[in-house]
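Next come the chains, spelled out residue by residue.
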Amino acid sequence: MTLFINPIFWGIAISVYLLLLMRFPGRLIFRFGLFNLIALTILLGWKISLGALGFVLLTWSAINLITSLKNKSSSASRSLATLGFFLFLFFLFLLHKFNLANSEFSAQLKQTAPWLPAEILLPFFVTLSFSYIFVRCIDLAHSCIWKNAPLVDPISLMGYLVPFHMLVAGPVNIYDEHMRANERPSSAMTPVRVLLVINEITTGLFYKFVLAEGIRIYFYGLNGNISVTGWFDSLILVVYVFFDFAGYSRIARGLGLFYGIPTPVNFNAPFLATSVTDFWTRWHMSMGQFVRRNLFTPIQLQLVRRVGVKWAATASIVTMAISFSFVGLWHRMSWTWFLWGVAMGALMAVEKFVQTFLITKKWDRSGIAKIAIDSLGRVYVLLLIILSAYFVANEVFPI
Amino acid sequence: MNEERLLPTLKNKARFTFWETTALLTWILVKLTLLASMINKGAVEFIYAGF
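Protein chains in written order, with this note's numbering: chain B, 56 to 454; chain U, 769 to 819.
Chain B with its partners taken away, still in its complex shape (with noise of 0.2 Å):
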């Protein structure tokens, strides 16, 4: 699916934008819902477009009757709901997963449950790139069921949980501040402004088609696809991977600020990080802010709750090995990504070990030392970030 290159994308992203500026009634979530459903009618057809209103519309019912059980039922007819609730949202993401990493899955699933209409369901998945969908609706859920937040009415969430200027890659946004997202995106916006917005675009278009596509087409020929055969392929794909996904977060950010809807950032000068914790915190940011919120914090409170305060460290090395799994298997469902995500949450703990020990040792803050393990840390960060793309990058792009 051509998107950010194509005219009719562009059309309908201006038009959006002006349909915003006129004072139509309703909240600004509300209206950019309704542009956003006619948005994607234009772009992907009436047919997904219904669909992906039905879901919403499942989601929204299923989400009002959760918290309207815990208004007035008992606390045991509210589990079973969440319970069935996020097994259906898991069953979905698992048939979208499994899809994604066999070809053959479809045809498997036609005989082995004739009642699911496969052939509809797992192209429609694809379409809306619906692992994003699914972390936000388990941000959602988060948010309305155990955090008391209101829950918006189906049009205004139609713009969060498919909002079409973030389809192909994203980032995850925040349910909570797309909720309170303020009456400012046609007001506040001064020459300046749309020039650094116009700017963020064009950063972002810059990076995948001239930079990204310019990699890949230098190494891998312009119909050629990206293998990963060596070390020095790893590298070059770490490299293709930052400027697309990074050019496809800058578009949608830059479109996000004109429209005034909450888009998080997503990348900031990983290359820089000195650990891999720091990487965390600097790729794929909009991720690692779901993982701490929806994740990382529920469990790690919950285990030291049960465990006590003296096992906090380790606690705290069993809920990074399972958040990270989590990242590793929302990429692929594969025992490889479940390694590399296992890893990943282990080499955090231990460089969390190595951080006490510079700490005590105070060479987090004398100058020349500071400045060799920081050197030291994004020699360390990028070879491993090398090593890992190595590993997992034939399941992303076969040879």
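Quick caveat, the hints were computed from the structure, so don't treat them as lab data. Be aware that a few hints might be false.
Partial pick of chain U residues on the chain B-facing surface, computed with a CB cut under 10 Å [what the hints assert, rightly or not]:
hint: 1; residue: Arg783
hint: 2; residue: Leu793
hint: 3; residue: Trp795
hint: 4; residue: Ile796
hint: 5; residue: Leu800
We put the CB at the ideal spot given by N, CA and C, even for glycine.
For this one, chain B is given, so just place chain U on it according to the hints.
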């Protein structure tokens, strides 16, 4: 690599000077020209991995 580091002062300004505006517009134009040249060469929107 990260343009935001090069533009921290511009981001907090309410107004741009003539030279700041010219520089930013030129940079935008350079990016768009290079983009057009890549598309003319046949660059496509290569999506490497479905998520």
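These are the hints, each one checked on the structure:
no. : hint   : result
1   : Arg783 : holds (6 Å)
2   : Leu793 : holds (7 Å)
3   : Trp795 : holds (7 Å)
4   : Ile796 : holds (5 Å)
5   : Leu800 : holds (6 Å)
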